[in-house]
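**Q** Protein chains in written order, with numbering that gives the first Met the number 0: chain A, 0 to 410; chain B, 0 to 410.
Treat the hints as calculated values from the structure; they're not laboratory data. Given the structure is predicted, the values throughout are model-derived calculations rather than measurements. Do not rely on the hints blindly, as some may be mistaken.
Said to hold, decoys possible - Calculated lysine-lysine pairs in the DSSO-like style (CA-CA distance at most 27 Å, straight line):
#, chain 1, residue 1, chain 2, residue 2
1, B, K185, A, K37
2, A, K185, B, K70
3, A, K78, A, K276
4, A, K28, B, K185
5, B, K220, B, K78
6, B, K38, A, K150
7, A, K70, B, K290
Next come the chains, spelled out residue by residue.
2 protein chains.
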Amino acid sequence: MKKSKHIVILGAGFGGYEAYKALPQWIHKEHTVTVIDKKNHFLFTPLLPEVAGSSLDQHSIVAPLRDILHKDTRFINKKVVKVNTDTQIVSLEGEDIEYDYLISALGAETFFYGTPGAEEHCLVLKHLEDAVAIRNICIDVFEQASQIESKEERAQLLSFMVVGAGPTGAELAGEMGELLFNTLLKQHPRITRDEVSLHIVNGGPRILQMFDESLSAYAQKSLEQNHIRISNNVRINEVQEGKAITAEGEALTAYTIIWTAGVSAIDLTCECGSFEKERGRIFTKRTLQAKNNDNVFVVGDMALFPTEDGRGLPMTAQVAHQQGECAGNNLVALMRGKELKEFTYKEKGLLASLGSFDAIGQVNGFKVKGVFAWLVWRSVYWILFGFWRKRIAILGEWIRNLFVPRDTSRL
Amino acid sequence: MKKSKHIVILGAGFGGYEAYKALPQWIHKEHTVTVIDKKNHFLFTPLLPEVAGSSLDQHSIVAPLRDILHKDTRFINKKVVKVNTDTQIVSLEGEDIEYDYLISALGAETFFYGTPGAEEHCLVLKHLEDAVAIRNICIDVFEQASQIESKEERAQLLSFMVVGAGPTGAELAGEMGELLFNTLLKQHPRITRDEVSLHIVNGGPRILQMFDESLSAYAQKSLEQNHIRISNNVRINEVQEGKAITAEGEALTAYTIIWTAGVSAIDLTCECGSFEKERGRIFTKRTLQAKNNDNVFVVGDMALFPTEDGRGLPMTAQVAHQQGECAGNNLVALMRGKELKEFTYKEKGLLASLGSFDAIGQVNGFKVKGVFAWLVWRSVYWILFGFWRKRIAILGEWIRNLFVPRDTSRL
Chain A
0 MKKSKHIVIL
10 GAGFGGYEAY
20 KALPQWIHKE
30 HTVTVIDKKN
40 HFLFTPLLPE
50 VAGSSLDQHS
60 IVAPLRDILH
70 KDTRFINKKV
80 VKVNTDTQIV
90 SLEGEDIEYD
100 YLISALGAET
110 FFYGTPGAEE
120 HCLVLKHLED
130 AVAIRNICID
140 VFEQASQIES
150 KEERAQLLSF
160 MVVGAGPTGA
170 ELAGEMGELL
180 FNTLLKQHPR
190 ITRDEVSLHI
200 VNGGPRILQM
210 FDESLSAYAQ
220 KSLEQNHIRI
230 SNNVRINEVQ
240 EGKAITAEGE
250 ALTAYTIIWT
260 AGVSAIDLTC
270 ECGSFEKERG
280 RIFTKRTLQA
290 KNNDNVFVVG
300 DMALFPTEDG
310 RGLPMTAQVA
320 HQQGECAGNN
330 LVALMRGKEL
340 KEFTYKEKGL
350 LASLGSFDAI
360 GQVNGFKVKG
370 VFAWLVWRSV
380 YWILFGFWRK
390 RIAILGEWIR
400 NLFVPRDTSR
410 L
Chain B
0 MKKSKHIVIL
10 GAGFGGYEAY
20 KALPQWIHKE
30 HTVTVIDKKN
40 HFLFTPLLPE
50 VAGSSLDQHS
60 IVAPLRDILH
70 KDTRFINKKV
80 VKVNTDTQIV
90 SLEGEDIEYD
100 YLISALGAET
110 FFYGTPGAEE
120 HCLVLKHLED
130 AVAIRNICID
140 VFEQASQIES
150 KEERAQLLSF
160 MVVGAGPTGA
170 ELAGEMGELL
180 FNTLLKQHPR
190 ITRDEVSLHI
200 VNGGPRILQM
210 FDESLSAYAQ
220 KSLEQNHIRI
230 SNNVRINEVQ
240 EGKAITAEGE
250 ALTAYTIIWT
260 AGVSAIDLTC
270 ECGSFEKERG
280 RIFTKRTLQA
290 KNNDNVFVVG
300 DMALFPTEDG
310 RGLPMTAQVA
320 HQQGECAGNN
330 LVALMRGKEL
340 KEFTYKEKGL
350 LASLGSFDAI
360 GQVNGFKVKG
370 VFAWLVWRSV
380 YWILFGFWRK
390 RIAILGEWIR
400 NLFVPRDTSR
410 L
């Protein structure tokens, strides 16, 4: 009989969870699988903007890991501190775990490019609590502004800025626009529309740059029609309390600033130094094995996959999802002594919601926009979040939103 | 034309909100109504234990006040600091409000009877965030215990105590029992039933003392069958980290201690001293007007209504609800120069849920228990929470709970 091996998966996000799902039943029977995550749930990140905009309840976009993991899997709800690839040990807070095979999929964190004051003064949108915090601050500042006599002071308090216009920034702005300009504005008779401002500040020449130029233009127009101001080609050099300073030295004021302009891979501390890394991302082979470490697979945001331009694949859920599945299958092949497959990324299409029954999407050059794209967006994400109890909850809440205003109970 | 008057309602709980609802349309048209609450939502407190036990989501038991108040009502989301009945001014943080008529319904807070260490070391169950905190700690200690080798240390971490066995304490224990002994225990294969303990410590001779003796006995047996230990006639004299010291000097250990043993009325600071108070409660006339202040009504937990024993009415949602309606009607009568009605409390019955399809109830000496009482309990509270969007959510979640385990995603 073969000796039982220990497979350790770091992170149960899109990459780690897909890798886990790719493990067949006999692996769980003959070997030991351990999943480590600092959260105790799987977070469906594409719907975070909907929680921030109070379209969905926070419960609805998470699934408890212990409900969805195999009964023989050990789950450890701790933060990963470091890894030693020589001794094959992962160190957690207060615990060391030996592994035979490792899948590293810890994802990424918000990246501020060293911008002074940004981390201190900006909210971000990466975790569930970030979304709740954004929702709460929108509700709070309206309540505060409602008690203020001066129109100028109200407008100052009701100024919001989203830095960055990738999918996270654009979708967040769309959702926040709904909450601010529809729900909250209607609830506060004293506040007028001109006192509320939401400003997207984008370093690039156009928003949602990964989309076709015509779709970017459509998205910009759509968001602007919903009272969202967009400034392209504006880089933020510094953030202070209540304002962002541009590269030109202009001070853009906003009481609430949310930074979505960058992500950087979780930089896994490696004691032995055998990982080759660049900006925290670990160089992988085409099989998703870490360079010099055949028993370590790296997937998603953490992986610097060999692409032609050397910059790796985009740090998106879609890449992590596909790489996770491939890494899981390759791990099984490796354990059975079979040949490993090279990973090839197949972009299945891009979708971005713009709030209020509007979205853009493109699949193989085929472009969609408007209500149809919005329905596609909702359907695709609804199906992708593969937990029925949550699908039912989300569907219920989306239907609810057709009839009643968004819930503004502060939590 | 009559001069327009300013009606100010302090607190939008059961008492304040019912008083508000009793105001007819012409009041809103001819006069100004202001509602002040430190929360921006109405909290349906009877279902707090269900949120703590993860049977209901926290969104489901709150309703945003701005959705349910009249469009001409001014809502102020601030804490009340003090009141001056001579100048007729309510002071909030950073704002003074003049009133012509006042309805004071700020409710109560958890009361520790001066027990040393209790406030510092105990959780409570009074606000929405308390329920979420209890839910989170149950989930967290199971995750932590799952990584501990020593059975003794696990058992130490997994020990819970509820101090007090009124409706809050008993219902909380019932709900926590479901979460701990059913959902979480099943999710953590390493933890065995004997390592988890939930202990109700009750100062009185029997739990749920307001019920008939036979129902108390039934409730105790039911909770004990669900692995909950109950100690009656045990008073806690001191709380230290991880233990409660009884009047006999015995140390009862529990990693998590939740104090539900008492409430005291919010003690409204009165600058002029014209309120007569006892233990924070304001003496009222039979019309619910404050003694010496005919234009001030006091309802619910804050009101010391003249009863035969001089101890006032029970501090329950039911009393607050009925008094609120009466105070609202009496305020209208006062403004129209009509005769005010004396308040009489009609106890409509008592109900307490015990978790797992079990409850007790009594109406005019008629007693119910078991599944039937549980269905009555659910129906009554479902109807009492008068917001359709929340009723639908709650019904959906209750149905969901029949098919899937309680959600243990840490929030």
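**Q** Determine for every hint whether it applies to the structure shown.
**A** Going down the list of hints, with the structure as the test:
1. K185(B) with K37(A): holds (21 Å)
2. K185(A) with K70(B): holds (10 Å)
3. K78(A) with K276(A): holds (21 Å)
4. K28(A) with K185(B): holds (20 Å)
5. K220(B) with K78(B): Outside the cut-off at roughly 43 Å; violated.
6. K38(B) with K150(A): holds (24 Å)
7. K70(A) with K290(B): Not OK: K70(A) and K290(B) at ~65 Å, beyond 27 Å, violated.
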